[in-house]
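Student: Residue strings, one per chain:
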Amino acid sequence: GAVVSQHPSWVICKSGTSVKIECRSLDFQATTMFWYRQFPKQSLMLMATSNEGSKATYEQGVEKDKFLINHASLTLSTLTVTSAHPEDSSFYICSAIYRGNTGELFFGEGSRLTVL
Amino acid sequence: GENVEQHPSTLSVQEGDSAVIKCTYSDSASNYFPWYKQELGKRPQLIIDIRSNVGEKKDQRIAVTLNKTAKHFSLHITETQPEDSAVYFCAASRGGTGNQFYFGTGTSLTVIP
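Line order of the protein sequences matches chains L and A.
Just so it is clear: in the first sequence, position 96 is 122 by the numbering used here, and no numbers are missing.
Just so it is clear: in the second sequence, position 7 is 35 by the numbering used here, and no numbers are missing.
Honestly, the hints are just simulated from the structure, not real lab data.
Treat the hints loosely; a few may be bogus.
Simulated restraints, written as ranges between beta carbons of each label pair [to be verified]:
| hint | chain 1 | residue 1 | chain 2 | residue 2 | range |
| --- | --- | --- | --- | --- | --- |
| 1 | A | 36 | L | 40 | 25 to 31 Å |
| 2 | A | 31 | L | 115 | 25 to 31 Å |
| 3 | A | 106 | L | 85 | 33 to 39 Å |
| 4 | L | 91 | A | 54 | 30 to 36 Å |
| 5 | L | 96 | A | 107 | 44 to 50 Å |
| 6 | L | 52 | A | 136 | 48 to 54 Å |
| 7 | A | 82 | L | 41 | 35 to 41 Å |
| 8 | L | 52 | A | 57 | 40 to 46 Å |
| 9 | L | 29 | A | 79 | 20 to 26 Å |
All C-beta atoms in this analysis are idealised placements derived from N, C-alpha and C, irrespective of residue type, glycine included.
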């Protein structure tokens with residue numbers, strides 16, 4: 027299957043700082059990437075859809091000014107958690123659609139954010 | 029939008045027995061149904077998928093069935109092994125680049141040796 031790489035895997039930051047998470051499609055181009063948030067023992071909650079060259083589409087209830095998404099190229103999308111607070115601590119996972127219209131979805135390794 | 033429901037939320041089986049997880053969806057336009065396995069602290073891994081033009085698909089000990097009329101699909105794991113223990117998610121999508129995937133709430137499967 028396709029490879030999606032996410033970095034960093036773990037990050038600890040102080041409250042009020044910003045954290046950037048990168049998501050890369052290593053062996054294919056992804057016009058669309060998705061960002062999910064996952065709480066312990068819960069399902070994947072879609073935060074936003076990241077489209078290359080255009081603004082991200084955010085799900086209802088997700089603050090676009092707090093979770094900045096940039097999809098600058100066909101292989102890279104970034105999620106920046108701005109002015110992080112302890113309640114932002116979570117597991118963030120990106121994913122990308124592979125093989126164009128056949129639409130298989132592959133996930134990055136995930137990034138565990140802990141805000142102190 | 030699409031609504032995917034998944035049952036059961038937890039499932040325990042003896043090693044060697046079969047496990048069945050069921051999902052229903054609401055959007056008749058959904059045509060792609062993947063299943064993911066997620067081990068603790070790791071990424072979800074695609075284990076099998078099925079498209080709406082097929083009623084059943086099998087890959088070794090794993091099979092998926094789809095009933096388009098009833099809008100439900102199921103994951104079947106036979107001869108379960110301890111390493112099958114994980115959380116399993118079903119999903120539904122209209123397919124194609126850019127179309128969203130809607131996930132079920134997950135099933136925590138425990139295979140008891």
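Student: Could you run down the list of hints and mark each one as holding or not?
Tutor: So, going through the hints one by one against the coordinates:
1. 36/A with 40/L: 25 to 31 Å: violated, 41 Å
2. 31/A with 115/L: 25 to 31 Å: holds, 28 Å
3. 106/A with 85/L: 33 to 39 Å: holds, 37 Å
4. 91/L with 54/A: 30 to 36 Å: holds, 32 Å
5. 96/L with 107/A: 44 to 50 Å: holds, 46 Å
6. 52/L with 136/A: 48 to 54 Å: violated, 30 Å
7. 82/A with 41/L: 35 to 41 Å: violated, 50 Å
8. 52/L with 57/A: 40 to 46 Å: Violated, since residue 52/L and residue 57/A (Cβ atoms, about 31 Å apart) do not stay within the stated range.
9. 29/L with 79/A: 20 to 26 Å: holds, 23 Å
Checked against the numbered hints given earlier, this structure breaks hints 1, 6, 7, 8; the rest are met.
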